[in-house]
Amino acid sequence: MDYKALAERLLPGEFPALSHFEEIYPPRALPEGAEVTRLAPSPTGFIHLGNLFAAIANERIAHRSGGILYLRIEDTDLKRKVDGAVEAVKNALRYFDIKFDEGAEIGGDNTYGPWYQRQRAEIYRAFVKHLIEEGRAYPCFCTEEELSALREEQTKNKQITGYYGKYAKCRNLSEEEIYRNLDAGKPFVIRLKSMGNPENKIRFHDEIKGDITVTENDQDVVILKSDGIPTYHFAHAIDDHFMRTTLVIRGEEWLASLPIHIELFDALGFQRPRYGHNCSLMKQDGDTRRKLSKRKDPELSLEFYRKEGYFARAVKIYMLTLLNSNFEEWYLKNPDAPLEEFKFTAAKMSKSGTLFDLDKLNDISKNELSKLSEEEMFAFLRGWAEEYGTPAQKNYFSDREKTLKVLSLCMGVGGKKRRKDFTTASQAMKFISIFFERTPREDEYRVGGETKRAILNGFLERYDPADDMQVWFSKVKEVAAENGFAAETKDYKANPENYKGSVADVAEVLRIATTGRANTPDLWTIQQILGGEETRARVQAALTAD
RNA sequence: GGCCUUGUGGUCAAGCGGUUAAGACGGCGCCCUCUCACGGCGCAAUCCCGGGUUCGAUUCCCGGCAAGGUCACCA
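Residues in the first sequence are numbered consecutively from 1, following my numbering.
Any given hint could turn out to be false.
[Claimed, not checked] Simulated pairs of lysine to aspartate or glutamate, EDC-like, Cα-Cα distance not exceeding 20 angstroms:
{"hint": "1", "residue 1": "K452", "residue 2": "E478"}
{"hint": "2", "residue 1": "K333", "residue 2": "D363"}
{"hint": "3", "residue 1": "K371", "residue 2": "E340"}
{"hint": "4", "residue 1": "K166", "residue 2": "E146"}
{"hint": "5", "residue 1": "K333", "residue 2": "E374"}
{"hint": "6", "residue 1": "K4", "residue 2": "E14"}
{"hint": "7", "residue 1": "K99", "residue 2": "E74"}
{"hint": "8", "residue 1": "K405", "residue 2": "E374"}
{"hint": "9", "residue 1": "K186", "residue 2": "E8"}
{"hint": "10", "residue 1": "K166", "residue 2": "E199"}
{"hint": "11", "residue 1": "K490", "residue 2": "D505"}
{"hint": "12", "residue 1": "K477", "residue 2": "D467"}
[To be verified] Pair ranges (Cβ atoms, derived):
{"hint": "13", "residue 1": "E488", "residue 2": "Q427", "range": "26 to 36 angstroms"}
{"hint": "14", "residue 1": "A537", "residue 2": "K430", "range": "17 to 27 angstroms"}
{"hint": "15", "residue 1": "R289", "residue 2": "D101", "range": "33 to 43 angstroms"}
{"hint": "16", "residue 1": "P496", "residue 2": "Q540", "range": "39 to 49 angstroms"}
{"hint": "17", "residue 1": "Q470", "residue 2": "A347", "range": "55 to 65 angstroms"}
{"hint": "18", "residue 1": "K307", "residue 2": "S370", "range": "18 to 28 angstroms"}
{"hint": "19", "residue 1": "R80", "residue 2": "Q271", "range": "26 to 36 angstroms"}
Honestly, the hints are just simulated from the structure, not real lab data.
Built from N, CA and C at the ideal position, the CB exists for glycine as well.
Given these sequences and hints, build the entire structure.
Dropping the structure here:
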C-alpha cells in the first residue's frame, strides 16, 4: 500500500516538516530539577474542588522547583464549550492564590502557545499525516451504529469491548476499498494502528502511586475525529511534548488510559513526561463512598465556598493537608511560616481516595479566621457582605469604629481570647448582627412571668452605663439575691434547694432581653457597645413584650 | 465481566520486621466559668480476612475479599 499517497489524500496539502516544530518549541532553558506542570481544563467554566485539588498540587510542585505552571485549554470538544469559561477558571483559581506563569489569557511568555487546542490543529494534523505515511495510522469508516453494534456483540460474547485485533476491521481494508469509501464521500476518523499486546505487562513508575503495572495497549484508538480535531489522547501527547511538560499530575481516572498514552508517545518518537495520578475526593453516600459529583454535591462547587464565606486560605490549607500527608504536622510546628516554605512533594501525596470531611475544613476555618487582625477581619467580612450580604448586612460596615470595636471586644479578634465558633463570613455576620439590628428572639426565657419582670425591673432601676464591669456585675448579683436566686454560683451548687436558681439564670434573662440569645459574649461589654439608651430600650421592650 | 489502583480508629493519617501502634478532626467526660466561646485535662475507638516466611509480622510473599477507577469520534 502506498501510505504516502493515502496520507496525501486524507490530509492534503503542505505541512511544515516535523523538525520545524522541534525548532520553534525548543526544550526549555530551566535549571536542573525544575518542573514544568500544567492545568488543562476543558472550557466548561465549571471549576470544582477536584480541579482546585489538582491545581494546588501542580502549582506547588512547579514553583517549589523553580519551574513553570501553565494553563492550557482543552477545547477539542465543542459541546463542552461555555462562553467566559476561561475567565471563570482564572478568577476562581486566583481567589485561591494559584498563579500561572504562562498560558491562555495569562500574558506571560508565549513561546509555547497557542494555548487553545483548537488553534493547534495544524500541528496535530502534521503529525497525524506523518503517522499515516509510516503506516502507523489508518482511516476508519465505521459508523456509530456499527461501533455500538460491535460493542453489544462483544459484551454478549463476554469479549473485551473496543476496536482492536480482529474487530478492527478498517485496519485491514484494501487500498481499493479505502479509495472507494473516500470517493463515495464517506466520513472517516483516523485511528492509531496499535502494535501492543495486553499480555505484556510494563513496570511503570508513577510519581504518586509508586511502581505500578501497566498493560500494553492494543486498542486502535481514534486520534483524529471526523471533524479533523484530535481526541484528548493525541492532543495530550503532542501538547505535553511541545510545551515541554516534565510532570503531569492528573486525576487517577486517567490511569486507565495511560497505556494509550505510552504507545502514542512511543509511536511519535517523543520522550514521555513523568506522571503522577492523584486520588479523587470522595463523599460518603449511604453506606458506600463515591467520587464527589457536581450534580449531587453543592460543596464540590468552588462557588459554594465563596457564597458561604469560607476563607480562601482555610480551604487551601485543608486541600494541602489532604494532598500531602506531612503537611498538617509541619503546619502545626510552623503556624506562622509562609505556606510556600512547605516542601511539597508528589511522593507524599495520598494514594487512596479521601473522604471529603467538612468538619475538618470547618475546624481549619475557625483557626485561620481566629488569626486575623481586626483590620483583616473587617476587610474579609466587608468583602463578603458586599458580594453576598443583605442590604442590612452591607450597612454593618458604615460605622467603621463601632464595627472594629465589636470585632475586637466581642469576637476577640486581634486579642488573646478569640472566639472560634464561626467558620465562615456568613456565620460571623450573624454573630455580630445583634449590634446592628434588633434581630428576632432566638431563645426562649427559662425564667418567666413575674420573676422575669422583677429581674428586668430590678436591673433597670440600678443600671448605669457608666458602671465598670465589677460594679455592673455586683448589681446583677443584688438583683439575683432580691429575687431568691443565689448571688454566688458556689452557694447555689452547695444548696440548690435553697434557691430558685443562680446568678447565671438571672444573667440569662438579661442576656435574652438585650440580645435575643441565651449564649453571647460578655453581656456588660455588649451593653457598653450598644450604649445606655439602646440597652434600656431593649430591656424595656422585653418587659412589655410577653 | 476484563484491566488497573487502594485497603491502619467514624474521618484524614504517621509508622514499613520487635512501638504502650504517633498526631489532627469528630464523639464523650471533667476543670475553668454569669451563659456561650476560648483554654486545660482525660476517655473510648484502628492495623480487611486466610495462609505462609520469620524467634517475631500492621510492616515481606501468596491467595481471597471489599472499595474505587476505567473500558466513547468526552475530557
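Hints, one by one, checked against the model:
1. Annotation: proposed proximity of K452 to E478 holds, straight-line Cα distance about 15 angstroms (limit 20 angstroms).
2. Between the alpha carbons of K333 and D363 the distance comes to roughly 17 angstroms, so the proposed pair stays at or under 20 angstroms and holds.
3. Among the hinted pairs, K371 with E340 is consistent with the structure: their alpha-carbon atoms are about 18 angstroms apart, no more than 20 angstroms.
4. For the given pair, K166 sits about 15 angstroms from E146 by alpha-carbon distance, which is consistent with the 20 angstroms threshold.
5. A distance of roughly 25 angstroms separates the Cα atoms of K333 and E374; the hinted pair therefore is violated under the 20 angstroms criterion.
6. Distance check on the hinted pair: K4 and E14 sit about 13 angstroms apart at the alpha-carbon level, within 20 angstroms; holds.
7. Restraint check for K99 and E74: satisfied, since their Cα atoms lie roughly 19 angstroms apart, inside the 20 angstroms limit.
8. Between the alpha carbons of K405 and E374 the distance comes to roughly 9 angstroms, so the proposed pair stays at or under 20 angstroms and holds.
9. At most 20 angstroms may separate the alpha-carbon atoms for a hinted pair to count; K186 and E8 meet this at roughly 17 angstroms.
10. This hinted pair checks out: K166 and E199 have alpha carbons roughly 16 angstroms apart, not beyond 20 angstroms.
11. Only pairs whose Cα atoms come within 20 angstroms are accepted, and K490 paired with D505 is accepted, the gap being roughly 14 angstroms.
12. Taking the CA atoms of K477 and D467, the gap is about 14 angstroms. The hint holds against a cut of 20 angstroms.
13. For the hinted restraint 26 to 36 angstroms between E488 and Q427, the CB-CB distance of approximately 35 angstroms keeps it satisfied.
14. Between A537 and K430 the CB atoms are about 22 angstroms apart, so this pair conforms to the stated range of 17 to 27 angstroms.
15. Checked against the given bound of 33 to 43 angstroms, the beta carbons of R289 and D101, roughly 36 angstroms apart, stay inside it.
16. Separation of P496 from Q540 is about 32 angstroms and departs from the stated range, judged on CB atoms against 39 to 49 angstroms.
17. At about 59 angstroms, the beta-carbon gap between Q470 and A347 stays in the expected band of 55 to 65 angstroms.
18. For K307 and S370, the hinted distance range of 18 to 28 angstroms is satisfied, since their beta carbons lie about 22 angstroms from each other.
19. At roughly 30 angstroms, the beta-carbon separation of R80 and Q271 lies within the given 26 to 36 angstroms, and the hint holds.
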